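Read top to bottom, the protein sequences are chains U and E. Sequential numbering of the first sequence, starting at 1, is according to this note's numbering. Sequential numbering of the second sequence, starting at 1, is according to this note's numbering.
Keep in mind the hints are simulated off the structure, nothing from the lab. For clarity, every value in this text was computed on a predicted model and none was experimentally measured. Heads up, a few of these hints could be off.
To spell it out: a stretch of chain U is covered by chain E in this simulated footprint if at least three of its residues, at any positions, have a beta carbon under 8 angstroms from a beta carbon of chain E; those stretches are [to be verified]:
1) 38-49
2) 194-203
Each computed SDA-like pair below joins lysine to any residue, with the alpha-carbon atoms no more than 25 angstroms apart [claimed, not checked]:
3) E:Lys22 / E:Ile157
4) U:Lys58 / E:Pro205
5) E:Lys22 / E:Leu190
6) U:Lys58 / E:Trp206
7) U:Lys58 / E:Pro175
8) U:Lys58 / E:Val199
9) E:Lys200 / U:Gly59
10) E:Lys200 / U:Val62
11) E:Lys200 / U:Gly56
12) E:Lys200 / U:Ala182
13) E:Lys200 / U:Met129
14) E:Lys22 / E:Pro205
Beta carbons: idealized from backbone N, C-alpha and C, even for Gly.
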Amino acid sequence: MSFFNWAWDWVTTDANWHGSGSIPQQIVAHLGYSALPLVIAALIGVPAGVAIGHRGGKGAVVVINIANAWRAIPTLGLLILLAVFLGFSPVTWLVPLVVLAIPPILVNAYEGVAAVEPSVRDAAVGMGMTPWQQVTRVEFPIALPLILVGLRTAAIFVVATATIAAYIGLGGLGRFIIDGLASNEYGPVAGGALLVVILAILVLALFAGLSRLVVPAGLRKQAKTE
Amino acid sequence: MMWSWISTNGSLIWQLTWENIKLGVLPALYGLVISLPLGVIASRWRWFYPPALTVINVLYAVPSLALFIALIPAFGLTDTTVIIALTVFSLCVILPNVVAGLRGVPAAVTQAATAMGYGPLRRLVTVELPLAVPVILAGLRVGVVASISLASVGQLIGVSSLGYLFIDGLQRSFPTEIYVGLVLVIALALVCDLILVAVKRALTPWAARPERQRQRRLRQLTEVAP
């Protein structure tokens, strides 16, 4: 049997949808484990990226190199290290997922603001805007499409990687995969994997919709004509 | 931290490091090899790129663990499974950069090459690809760092890498082993990253740090002047 046969059989088995540790419960848990780290990472990454982009100068080299080095941290290793020291506290799963989500958010927020055209910046200064107004009313809205791309990438990373958190005993869809692997049952493994993929694709679609809603109409028009 | 553990387990550590290098570097190289022709196609025939980008976004949303699992029926619990999955991820990171790099070649440059009698293939190989090198290598850097770091997840399906140190360390509640794994994964990723930075410098001598060159020229001038 192929991956999809296994996954389909397991997902369509009625018993897996009821009781404790059922599919709906684990989906909700999975979304919970994903949302909080994403919000924390956004609160750190977006302001930092925007601020560095606003300052300009040598920021680019610094941001890109730090983000690249940051990506080298293996999430599984960090998770396990924290689990050994802290047990199953919230910090154990929060920190690795926040660490994972920061680079794409930071880099895109930086690139978005750094790419604002100098003439637009000059116009903002010429109109007498304070630095705060320049950032919040000109640079941030223009950078918003890229900021959303960063958030989207981070969201997908987090949803995908929250799966691994099951390895240290956390709930979520990873439970099915890890438990299935441990007991050599391929059904829940394949089914759990399929559900994570579907969840990640839904997140992708959510952000596609969000970027339509949030991006200012003028910019959308401009993007289309380009 | 038990330093003696490192010296008594030197051969194990060395073997796992080598495995991790293989599982991290090969996928990035395969990803590059596949991305180059696809990127050329995408930059020549523009209609090809938007659907390809959608496929890439969806593939990139697939959790590494889920992709490993989906490949198990076909390739078993082997290196091949991990290498193929990580190649897919590298491809997702590298291809957009190949396209961006090729599209970023100024029209005046390609026109000049054409005017000098360069055919499409010669122009691509001797003009466009070299100019796209910095952007392509930026993608490759992300690809290789991510692959090295993600290879450790392969340990969850039993494919050995430095991830072994994480999992064994957790089972034995032995932090030293986890530290060693973390440090080695990060060090491996950073070394590969630095190698690629050096490769970029070697391949694009014309892009060499204009600021420093200018200073050097200035210094020469002042030294020559009496």
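>> With the threshold set at 25 angstroms, check whether the alpha-carbon distance from E:Lys200 to U:Val62 stays at or below it.
In response: With a Cα-Cα distance of about 17 angstroms, the restraint between E:Lys200 and U:Val62 holds, given a limit of 25 angstroms.
> Would the pair E:Lys22 and E:Ile157 pass a check requiring their Cα atoms to be no farther apart than 25 angstroms?
Replying inline: Given that 25 angstroms is the threshold and the Cα spacing comes to 17 angstroms, the pair holds.
> Does U:Gly59 lie within 25 angstroms of E:Lys200 when you go C-alpha to C-alpha?
Replying inline: holds, 20 angstroms
> Can the restraint linking E:Lys200 and U:Met129 be considered satisfied, given a maximum Cα separation of 25 angstroms?
Replying inline: Roughly 41 angstroms separates the two Cα atoms, so the pair is violated.
> Within 25 angstroms, alpha carbon to alpha carbon, are U:Lys58 and E:Val199?
Replying inline: OK: U:Lys58 and E:Val199 at ~22 angstroms, within 25 angstroms.
> Is E:Lys200 within 25 angstroms of U:Ala182, Cα to Cα?
Replying inline: violated, 44 angstroms
>> What's the verdict on E:Lys22 and E:Pro205, does the C-alpha distance respect the 25 angstroms limit or exceed it?
In response: violated, 29 angstroms
> Holds or violated: the segment 194-203 of chain U covered by chain E, criterion of 3 or more residues with Cβ-Cβ distance under 8 angstroms?
Replying inline: holds (count 6)
> When you check the alpha-carbon spacing of E:Lys22 and E:Leu190, does it fall within 25 angstroms?
Replying inline: holds, 15 angstroms
> Does E:Lys200 pair with U:Gly56 here, judged by a C-alpha cut-off of 25 angstroms?
Replying inline: holds, 24 angstroms
>> Please verify whether U:Lys58 and E:Trp206 have alpha carbons no more than 25 angstroms apart.
In response: Cα-Cα ~20 angstroms, so holds.
> Count the residues of the segment 38-49 of chain U with a beta-carbon closer than 8 angstroms to any beta-carbon of chain E: does the count reach three?
Replying inline: violated (count 0)
Hint violations for this structure: numbers 1, 7, 12, 13, 14, all remaining hints satisfied.
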